[in-house]
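Q: Build out the structure end to end from the sequences listed, making use of the hints.
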Amino acid sequence: MKLRAALATVLFAVAATATAAASSPAGVRVREAWIRWLPADLPAGGYIVIENKAGTPERLVGASSPDYGMVMLHRSQEVDGADVMTAVSGIDIPAHGSFKLAPGGYHLMLMHAKRAIKPGDKVPVILHFAGGAMLQVDFPVLPANASAPPD
Amino acid sequence: MSVVRVSFRWLPPLLLSLLLAACASHPQWQLDDVKGHLPDLKFQLTNDLGQPVTAASYRGKVLLLYFGYTHCPDVCPLTMVHLHTVLQKMGKLADDVRVLFVTVDPARDTVPVLHQYVTAFDSHIVGLTGSQNALAELAKRYRAFYKRESGKNTDGDYLVTHSSAIYIFDQHGHARLLVTPGTPNDAILHDLKILVEQGS
Numbered sequence: 333m334k335l336r337a338a339l340a341t342v343l344f345a346v347a348a349t350a351t352a353a354a355s356s357p358a359g360v361r362v363r364e365a366w367i368r369w370l371p372a373d374l375p376a377g378g379y380i381v382i383e384n385k386a387g388t389p390e391r392l393v394g395a396s397s398p399d400y401g402m403v404m405l406h407r408s409q410e411v412d413g414a415d416v417m418t419a420v421s422g423i424d425i426p427a428h429g430s431f432k433l434a435p436g437g438y439h440l441m442l443m444h445a446k447r448a449i450k451p452g453d454k455v456p457v458i459l460h461f462a463g464g465a466m467l468q469v470d471f472p473v474l475p476a477n478a479s480a481p482p483d
Numbered sequence: 342m343s344v345v346r347v348s349f350r351w352l353p354p355l356l357l358s359l360l361l362a363a364c365a366s367h368p369q370w371q372l373d374d375v376k377g378h379l380p381d382l383k384f385q386l387t388n389d390l391g392q393p394v395t396a397a398s399y400r401g402k403v404l405l406l407y408f409g410y411t412h413c414p415d416v417c418p419l420t421m422v423h424l425h426t427v428l429q430k431m432g433k434l435a436d437d438v439r440v441l442f443v444t445v446d447p448a449r450d451t452v453p454v455l456h457q458y459v460t461a462f463d464s465h466i467v468g469l470t471g472s473q474n475a476l477a478e479l480a481k482r483y484r485a486f487y488k489r490e491s492g493k494n495t496d497g498d499y500l501v502t503h504s505s506a507i508y509i510f511d512q513h514g515h516a517r518l519l520v521t522p523g524t525p526n527d528a529i530l531h532d533l534k535i536l537v538e539q540g541s
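If you're matching them up, the sequences are chains A and B in order. Just so you know, the first sequence maps onto residues 333 to 483 in our numbering. Just so you know, the second sequence maps onto residues 342 to 541 in our numbering.
Hints are computed from structural coordinates only; laboratory data are not their basis. Worth double-checking, as some hints may not be accurate.
[Claimed, not checked] The list that follows gives simulated cross-link-like pairs (lysine to any residue, SDA-like), each with its CA atoms no further than 20 Å apart:
| # | chain 1 | residue 1 | chain 2 | residue 2 |
| --- | --- | --- | --- | --- |
| 1 | A | Lys450 | B | Gln457 |
| 2 | B | Lys430 | A | Pro475 |
| 3 | B | Lys488 | A | Lys450 |
| 4 | A | Lys450 | B | Pro453 |
| 5 | A | Lys450 | B | Thr460 |
| 6 | A | Lys432 | A | Val473 |
| 7 | B | Lys383 | B | Arg439 |
| 8 | B | Lys488 | A | Asp412 |
A: Here's what the structure looks like:
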């Protein structure tokens, strides 16, 4: 079991490095990535600013993480006095523009942690773009009551 | 000369406005004043330590009532963080305030999960759960609503749509103010301070 897990980790690491090196989207830069930690393996929110320095638009179509069973693109909205959360199929990042995933709006929902995650950890998240490009980003994990992202 | 004549004519309204300004029972609320429009707080629920509690258990505290659920990764934590920030700014006055986080998802929000959840944000937040009926009754009393969305995900994951307002009650359990989404933290801080100080 241990060997299998270790092997899987190595294989995954190789794959992740390879994809990140081979096909990260040209012109995409990220900053202010963070995850709000919640106890009891509750789904956590992930936030990030994605910049697109290229002359063509990019579209974020999904995300995954070796540390979570599932990562989804979600949007919180205020509709008639209620909080409504819906899954979204993609997020457009305009050419020479940026998109901010921030609390109370678009966010990543990270579910079913595969290890005990705690504030202070870093969680690798792979952003998937339309056309197959991927970008791996380390998301620092902040405490539940954090209000500002790290610099 | 003309100033003197005019001042006599405007004396009664001037006196009235001075009286109103001096009247302490008319504070300048920054939140929505709901005094007399919503019923007094009333419930029979279980707190996040597993103890049975009623509204009377919290008499003497200014209360902020919020309906949420722990499997809500974005807006519920954001609301709790806003309230945590306000409570921190209140300093010692925060001891006279409690936030009641009432779950709208009792199936997943067990007492231990609720306890871990609320304590991760602030020591003045209490998690409350109860029977489906007791929770529905409390929500109905304040015209709040919640609805379990049909699951798109596998393995039992589902989302719950819920009212986003925060109801503020005074030390006697009377509904006083309403916080709607997007309200600046400073407005909540301003009004909470007045409520706490009025009651002490």
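Q: Now, for every hint given, state plainly whether the structure supports it.
A: Structure-based check of all given hints:
no.: 1; hint: Lys450(A) - Gln457(B); result: holds, 13 Å
no.: 2; hint: Lys430(B) - Pro475(A); result: holds, 19 Å
no.: 3; hint: Lys488(B) - Lys450(A); result: violated, 31 Å
no.: 4; hint: Lys450(A) - Pro453(B); result: holds, 18 Å
no.: 5; hint: Lys450(A) - Thr460(B); result: holds, 15 Å
no.: 6; hint: Lys432(A) - Val473(A); result: holds, 18 Å
no.: 7; hint: Lys383(B) - Arg439(B); result: holds, 15 Å
no.: 8; hint: Lys488(B) - Asp412(A); result: holds, 14 Å
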